[in-house]
Amino acid sequence: MSMTLAEKIIARAGGRDLVEPDDVLWVDVDLAMTHDSSGPRRIWPSLKELGVGVWDPDKLIIVADHFVPAQDVGSARILQTTREFVEAYGITRFHEAEGISHTMMVERAYVRPGMLYVGGDSHSLTAGVLGCLAIGVGSTDMLGIVATGRTWLRVPRTIRVQIDGSMPTAVAAKDLILTIIGDQGMDGGLYRVLEFGGDAITEMDIQERSVLTNMCAEIGAKSGIVPADATTVAYLADRGIDVSEGPFSDPDAVFEATWRYDASELLPVVARPHKHDDVVPAGDAGYAPVTRAYIGACTGAKHADLVMAAQVLAGRTVAPGVLLQVAPASRATLQEAIEDGTAETLMAAGAHILSTGCGACPGIGSGVLAPGEVCISTTSRNARGRMGSPEAEVWLGSPYSVAAAAIAGQIIDPRELMAASV
Amino acid sequence: MTVIQGNVWKFGDNIDTDVIVPGKYLIGDLPEIAAHVMEGVRPGFADLVSTGDVIVGGKNFGTGSSREMAPRAIQAAGIAAIVAQSFARIFFRNCINVGLVPIECATTGDIAEGQRVRIDTAAGEVVVVDTGATHRALGLPPEIGAILEAGGLEPLLKQQIEGKIS
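Listed in order, the protein sequences are those of chains A and B.
Position 250 (the first sequence) corresponds to 250 in this note's numbering; numbering is contiguous.
Position 36 (the second sequence) corresponds to 1036 in this note's numbering; numbering is contiguous.
By construction, these hints were calculated from the structure, which means they are not laboratory data.
Computed from a predicted structure; not experimentally measured.
Please note that the accuracy of each hint is not assured.
As the list claims (entries may be wrong) - Restricting the straight-line Cα-Cα distance to at most 30 Å, the calculated cross-link-like pairs of lysine-lysine (DSSO-like) are:
| # | chain 1 | residue 1 | chain 2 | residue 2 |
| --- | --- | --- | --- | --- |
| 1 | A | Lys48 | A | Lys59 |
| 2 | A | Lys59 | B | Lys1158 |
| 3 | B | Lys1024 | A | Lys48 |
| 4 | B | Lys1010 | B | Lys1024 |
| 5 | B | Lys1010 | A | Lys48 |
Work out the full structure, taking the sequences as your base and the hints as a guide.
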């Protein structure tokens, strides 16, 4: 019998030769991650109650990213609890304010192709960009994993997402995934694994690909995966890790469906306020005025995102009445942007550089929105109240579109500015 | 498994964890969070609910973040079960793990707010007590039923660790 890549990984983790969609089985987790919000403060009291410790302190990564830097005594206490947990259980890989957990998992190459990786956050899917099966869970699921190294899974059906052609100028992976979500709806991939392939994917770098796996959460998917190819192998080799391409789905594996797109037909798009599947071309957004432009989160503030924004912002100035904020996805992102001049370009245009972390994206950190504000953001979600006041509006777009709106003071097709700059 | 009977509170499609429990409350403890449950879509909901009531939703209930405070807050407000056309997958897992019954039923559109329903999780059916109308629901696999019967994943882990079950 043939299997998809996701099925192969689950079968191996469950000690089975074969699994089929809808099988429910207990599996051994290869690697787990939890953060300051979902992790120690929720899990530790239960671990004490159960009278058990951490199943393997080398296989549990802890990242403090939601409450950094502490805004008040309450968040400082959460961070303190996180550090105390790390110390008490001898966690070997802990990062505080070094970057957003999902960005770190990829940037530090903590996951490897073929792994079963479970993270205590819905955007844990991001790590599937390196060819692992990356699944997000809540706190009690993570408690079970932290205590035993095991969890239960229902085997998902796999949808093949085939992206042919080449991406046009000023169109980003963000535009591609928003287009897919707009077409399929926010539950269009519910319980499914999306496996990405095609020429446009082959041509994309790891950071851009990771926007696709990241936002599989916004289509309801259990996971998104890009099987390890030459680009993956080279990315890992740069980090001192020697792997070969694959594993892959079997040639005759059964996919539930294939979604086909021609990348060359894509446009810059935006999601309208409150529903991330309400997607329209950026040029059809009615020139909606904005008060805030936010470049942040695991979705939209990696080095590649900052470079895209800088391409639009170079030699220009943010419109009066607009606040442009940039919260880099990691310290390494900021370091790289400083070294190559990207940060200088952003600041010369008027951007405020915030500290690294989840920031305003989950409505917790710096830069949240007041009632009546209209924001365009490179983040992944725009549900009412997500980034602050329920009376604020959030549009989602690519770094090009967010930077263009910051300059124009209203939402425009970024190509209007980019054509003028050449 | 159990039979649950309660009054219906009706919600639409794609009820997001950001409206169930807005992020700004996540710094707090459960009682404080539960006082604001569903505030993003129905302010004052926590004061309206009686213990044992049932939420009936549309498709993709609980979409959004992994925050387990979403089902915990719903449970702490007194809700005994959620019936929806489909659930966001992490929310579905979180419900099971905290011992809040999630039932998938394709015809929730025909159930009205204020009606009284009886849910039989083993038979996989939802009956509107007022009219006798019976709605087919998906039964829960035995692996999942075992977690709910234990009262959630943590009590099940406790039993496993204490060696009561393998």
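**Pairwise hint evaluation, Lys48 (chain A) against Lys1010 (chain B), where the allowed Cα distance is 30 Å at most** = 38 Å, violated
**Item:** Pair hint outcome, Lys1024 (chain B) versus Lys48 (chain A) [Cα-Cα no greater than 30 Å]
**Value:** Judged against 30 Å, a Cα distance of about 28 Å means the pair holds.
**Item:** Holds or violated: Lys1010 (chain B) to Lys1024 (chain B), with C-alpha atoms at most 30 Å apart
**Value:** Holds, at about 25 Å.
**Message:** For Lys59 (chain A) and Lys1158 (chain B), compute the direct alpha-carbon distance and say whether it is at most 30 Å.
**Reply:** 22 Å, holds
**Request:** Could you grab the alpha-carbon distance between Lys48 (chain A) and Lys59 (chain A) and see if it respects the 30 Å cut-off?
**Result:** Holds - the C-alpha atoms of Lys59 (chain A) and Lys48 (chain A) are around 20 Å apart, at most 30 Å.
Hint compliance for this structure: hint 5 is the single one not met.
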